[in-house]
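J.: Chain by chain, the residues run as shown.
2 protein chains.
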Amino acid sequence: MQISAIYEPIQEDMVSVEERIRSLKQSAPPQMADLVEYALRDPGKLLRPAITLLAGKSFRYNQQLMVTMAVAVELLHIATLIHDDTVDKAQVRRGRPTLSSVWGQGTAVLVGDYLFAASAELVASTDEIRVARNFAKTVMAISSAELEANYTSFDWRQTRERYYQRIGNKTASLFVLATQSGAMLCQAPEAAIEALKYYGYNLGLAFQIIDDVLDFIGEADEMGKPVGHDLSQGTLTLPAILFLERQPEDNPIKHLFANQGDPDSLRLALETIGNSSIIQECYDIALEFCSQASRCLEGLPPSASQRSLDSLADYVLQRKR
Amino acid sequence: MQISAIYEPIQEDMVSVEERIRSLKQSAPPQMADLVEYALRDPGKLLRPAITLLAGKSFRYNQQLMVTMAVAVELLHIATLIHDDTVDKAQVRRGRPTLSSVWGQGTAVLVGDYLFAASAELVASTDEIRVARNFAKTVMAISSAELEANYTSFDWRQTRERYYQRIGNKTASLFVLATQSGAMLCQAPEAAIEALKYYGYNLGLAFQIIDDVLDFIGEADEMGKPVGHDLSQGTLTLPAILFLERQPEDNPIKHLFANQGDPDSLRLALETIGNSSIIQECYDIALEFCSQASRCLEGLPPSASQRSLDSLADYVLQRKR
Numbered sequence: 230m231q232i233s234a235i236y237e238p239i240q241e242d243m244v245s246v247e248e249r250i251r252s253l254k255q256s257a258p259p260q261m262a263d264l265v266e267y268a269l270r271d272p273g274k275l276l277r278p279a280i281t282l283l284a285g286k287s288f289r290y291n292q293q294l295m296v297t298m299a300v301a302v303e304l305l306h307i308a309t310l311i312h313d314d315t316v317d318k319a320q321v322r323r324g325r326p327t328l329s330s331v332w333g334q335g336t337a338v339l340v341g342d343y344l345f346a347a348s349a350e351l352v353a354s355t356d357e358i359r360v361a362r363n364f365a366k367t368v369m370a371i372s373s374a375e376l377e378a379n380y381t382s383f384d385w386r387q388t389r390e391r392y393y394q395r396i397g398n399k400t401a402s403l404f405v406l407a408t409q410s411g412a413m414l415c416q417a418p419e420a421a422i423e424a425l426k427y428y429g430y431n432l433g434l435a436f437q438i439i440d441d442v443l444d445f446i447g448e449a450d451e452m453g454k455p456v457g458h459d460l461s462q463g464t465l466t467l468p469a470i471l472f473l474e475r476q477p478e479d480n481p482i483k484h485l486f487a488n489q490g491d492p493d494s495l496r497l498a499l500e501t502i503g504n505s506s507i508i509q510e511c512y513d514i515a516l517e518f519c520s521q522a523s524r525c526l527e528g529l530p531p532s533a534s535q536r537s538l539d540s541l542a543d544y545v546l547q548r549k550r
Numbered sequence: 230m231q232i233s234a235i236y237e238p239i240q241e242d243m244v245s246v247e248e249r250i251r252s253l254k255q256s257a258p259p260q261m262a263d264l265v266e267y268a269l270r271d272p273g274k275l276l277r278p279a280i281t282l283l284a285g286k287s288f289r290y291n292q293q294l295m296v297t298m299a300v301a302v303e304l305l306h307i308a309t310l311i312h313d314d315t316v317d318k319a320q321v322r323r324g325r326p327t328l329s330s331v332w333g334q335g336t337a338v339l340v341g342d343y344l345f346a347a348s349a350e351l352v353a354s355t356d357e358i359r360v361a362r363n364f365a366k367t368v369m370a371i372s373s374a375e376l377e378a379n380y381t382s383f384d385w386r387q388t389r390e391r392y393y394q395r396i397g398n399k400t401a402s403l404f405v406l407a408t409q410s411g412a413m414l415c416q417a418p419e420a421a422i423e424a425l426k427y428y429g430y431n432l433g434l435a436f437q438i439i440d441d442v443l444d445f446i447g448e449a450d451e452m453g454k455p456v457g458h459d460l461s462q463g464t465l466t467l468p469a470i471l472f473l474e475r476q477p478e479d480n481p482i483k484h485l486f487a488n489q490g491d492p493d494s495l496r497l498a499l500e501t502i503g504n505s506s507i508i509q510e511c512y513d514i515a516l517e518f519c520s521q522a523s524r525c526l527e528g529l530p531p532s533a534s535q536r537s538l539d540s541l542a543d544y545v546l547q548r549k550r
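One line per chain: the protein sequences are A and B, in this order.
Residue numbers 230 to 550, in the numbering used here, belong to the letters of the first sequence in order.
Residue numbers 230 to 550, in the numbering used here, belong to the letters of the second sequence in order.
Hints are computed from structural coordinates only; laboratory data are not their basis.
Errors might be hidden in some of the hints.
Which copy? The list can't say, so a pair holds if one copy fits it or any two copies do.
Claimed, not checked - Straight-line Cα separation of at most 25 Å, SDA-like style, residue types lysine to any residue; simulated pairs: (1) K318 with N504; (2) K318 with R524; (3) K274 with L495; (4) K274 with A533; (5) K483 with S287; (6) K254 with F472; (7) K483 with R362; (8) K483 with I508; (9) K318 with Q462; (10) K318 with Q387; (11) K274 with E517; (12) K483 with Q255; (13) K254 with N379; (14) K366 with A421; (15) K274 with D493; (16) K274 with Q521; (17) K483 with N379; (18) K254 with N504; (19) K318 with Q255; (20) K318 with S382; (21) K254 with S382; (22) K274 with F383; (23) K254 with D271; (24) K318 with D493; (25) K318 with G335; (26) K318 with I422; (27) K366 with E266; (28) K318 with Q260; (29) K318 with S523.
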């Protein structure tokens with residue numbers, strides 16, 4: 230299913246989301262305007278705003294309020310990407326030079342802070358204090374996960390459980406903020422809020438697993454960043470963890486991590502994983518999380534938006550970038 | 230007047246503030262604990278929490294709520310200092326190596342983010358959405374001011390007006406958040422909230438002017454950072470602006486900025502300013518803002534906390550670090 234078909238129930242609202250995002254550079258102070266424009270220029274598929282809107286659509290939906298929340302979620306996402314890229318000294322994101330590589334780390338820190346705050350302001354303007362609390366918890370989870378990733382880089386001793394916990398904090402937490410807030414702001418019943426929260430959590434885990442798999446098998450031009458990037462940076466993701474489980478002795482990842490960035494070991498690790506059944510195994514695990522996400526929707530009243538959320542669970546498995 | 234005498238009406242609550250700050254490292258995730266402990270180790274005079282509490286003390290004061298808000302204000306302050314030091318590559322703060330100089334810039338970015346979020350969580354837990362909005366606006370103001378400072382470094386063409394605006398966003402905004410939130414959370418009448426807001430704004434301006442003066446005349450060991458730091462980093466503050474107004478031709482600051490960091494020009498600029506009447510002129514300007522702050526208090530019901538706020542306006546003029 231095409232993403233445009235999935236977004237059909239919220240098509241108009243997504244146009245408003247894009248307009249609101251574009252308008253942010255006008256409301257930024259002069260010294261921020263160009264930087265904010267650069268940060269928001271290529272909006273991508275806006276998956277997180279979309280699930281925010283879809284989560285609320287079948288309840289007491291208030292368009293203006295929901296567009297505000299959807300934009301807040303996207304701004305938080307962008308702010309965390311900017312800080313990540315700054316911390317990781319990443320050069321390229323979505324096929325474009327990162328803000329920190331163009332304007333320097335210091336500027337990127339401040340633009341990230343500004344977008345965090347712009348997001349917090351939109352969240353506060355929803356007048357729903359529970360959402361403001363979840364917003365804060367999400368930022369805490371994301372920064373903790375990034376810090377953990379930093380500490381454990383080039384360490385091959387990491388379990389699957391730890392990995393799930395880390396991507397839960399790093400990625401799924403924002404999906405949870407999206408679906409939970411969307412449902413809360415539309416006065417969904419508590420049981421529906423919980424169901425949509427766990428839908429978001431499982432969808433987020435699957436999304437990140439696919440992201441991590443694509444770093445092994447994607448095409449550099451489709452991904453917008455070099456393939457094998459995670460491993461070359463010392464970041465262990467699911468494919469690498471499964472490879473280490475399967476072949477604990479004489480594993481090229483151990484050589485790679487012991488001699489930070491040895492290109493032969495990197496090539497060998499990428500090739501071995503790419504040609505093994507590990508990739509399929511990762512897809513199976515992601516599929517399991519997607520099925521779990523779909524099951525969370527079963528108790529919700531049938532609606533077009535509920536079907537879209539269900540289709541999204543298939544969609545994330547098929548994405549190429 | 231000693232600071233302990235000024236804090237007398239909120240003495241007990243300040244003990245709770247210190248305890249709550251100390252306890253934050255326990256609630257941090259394991260990978261954050263040492264970093265949070267380092268960031269919060271030397272609490273200083275806790276001026277911002279104190280004015281938060283004092284602003285609310287004579288209204289419907291709820292100790293637990295107010296301590297929460299006071300801690301939130303301090304955490305936001307610390308988070309912004311950590312990001313500032315990261316952006317400025319500062320080595321020393323309050324006589325100790327900065328977090329970024331010990332653990333690196335990347336880690337400092339993430340610890341700052343975590344403390345921003347911890348602050349936002351406390352703010353949200355007050356259940357007062359107006360405070361949450363002001364919190365977000367404050368972060369936007371601070372990050373914009375820092376960015377402007379970055380852009381205008383080593384540029385000698387800066388007016389007093391621009392300087393007041395910049396320190397208004399960088400420093401006074403947090404004083405405003407403190408007093409305005411303190412008053413709001415204690416259900417002060419709107420007129421009192423406004424009065425305390427402008428008190429905070431004026432006090433914050435005076436505080437920053439004194440800070441900037443001390444960078445010219447302070448003793449390095451009392452300040453906990455090298456004297457002349459601002460000018461050597463290309464940051465123009467009030468004493469330097471007045472010097473450039475007075476002596477626009479053949480000014481050593483122009484030489485210093487044209488040859489970034491020339492030590493002879495720096496020494497000459499520091500000496501000339503330090504031995505001129507400019508320092509007294511800056512004190513007079515700061516005194517004017519302090520008097521303005523005191524005048525804002527005139528309409529408030531007389532109370533011990535109101536007198537403490539009044540004494541603080543004198544205190545900031547006398548501080549040595």
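J.: Now tell me, hint by hint, if it's right for this structure.
T.: Checked hints:
no.: 1; hint: K318 with N504; result: neither (30 Å within a copy, 45 Å between copies)
no.: 2; hint: K318 with R524; result: neither (39 Å within a copy, 50 Å between copies)
no.: 3; hint: K274 with L495; result: neither (31 Å within a copy, 52 Å between copies)
no.: 4; hint: K274 with A533; result: within (19 Å within a copy, 58 Å between copies)
no.: 5; hint: K483 with S287; result: neither (50 Å within a copy, 64 Å between copies)
no.: 6; hint: K254 with F472; result: neither (45 Å within a copy, 36 Å between copies)
no.: 7; hint: K483 with R362; result: neither (41 Å within a copy, 49 Å between copies)
no.: 8; hint: K483 with I508; result: within (19 Å within a copy, 62 Å between copies)
no.: 9; hint: K318 with Q462; result: both (10 Å within a copy, 24 Å between copies)
no.: 10; hint: K318 with Q387; result: within (23 Å within a copy, 33 Å between copies)
no.: 11; hint: K274 with E517; result: within (24 Å within a copy, 54 Å between copies)
no.: 12; hint: K483 with Q255; result: neither (50 Å within a copy, 34 Å between copies)
no.: 13; hint: K254 with N379; result: between (32 Å within a copy, 19 Å between copies)
no.: 14; hint: K366 with A421; result: within (21 Å within a copy, 33 Å between copies)
no.: 15; hint: K274 with D493; result: neither (36 Å within a copy, 56 Å between copies)
no.: 16; hint: K274 with Q521; result: within (23 Å within a copy, 52 Å between copies)
no.: 17; hint: K483 with N379; result: within (18 Å within a copy, 42 Å between copies)
no.: 18; hint: K254 with N504; result: neither (46 Å within a copy, 45 Å between copies)
no.: 19; hint: K318 with Q255; result: neither (29 Å within a copy, 31 Å between copies)
no.: 20; hint: K318 with S382; result: both (14 Å within a copy, 24 Å between copies)
no.: 21; hint: K254 with S382; result: between (36 Å within a copy, 23 Å between copies)
no.: 22; hint: K274 with F383; result: neither (32 Å within a copy, 41 Å between copies)
no.: 23; hint: K254 with D271; result: within (13 Å within a copy, 39 Å between copies)
no.: 24; hint: K318 with D493; result: within (23 Å within a copy, 36 Å between copies)
no.: 25; hint: K318 with G335; result: both (12 Å within a copy, 9 Å between copies)
no.: 26; hint: K318 with I422; result: neither (38 Å within a copy, 44 Å between copies)
no.: 27; hint: K366 with E266; result: between (27 Å within a copy, 19 Å between copies)
no.: 28; hint: K318 with Q260; result: both (23 Å within a copy, 21 Å between copies)
no.: 29; hint: K318 with S523; result: neither (37 Å within a copy, 48 Å between copies)
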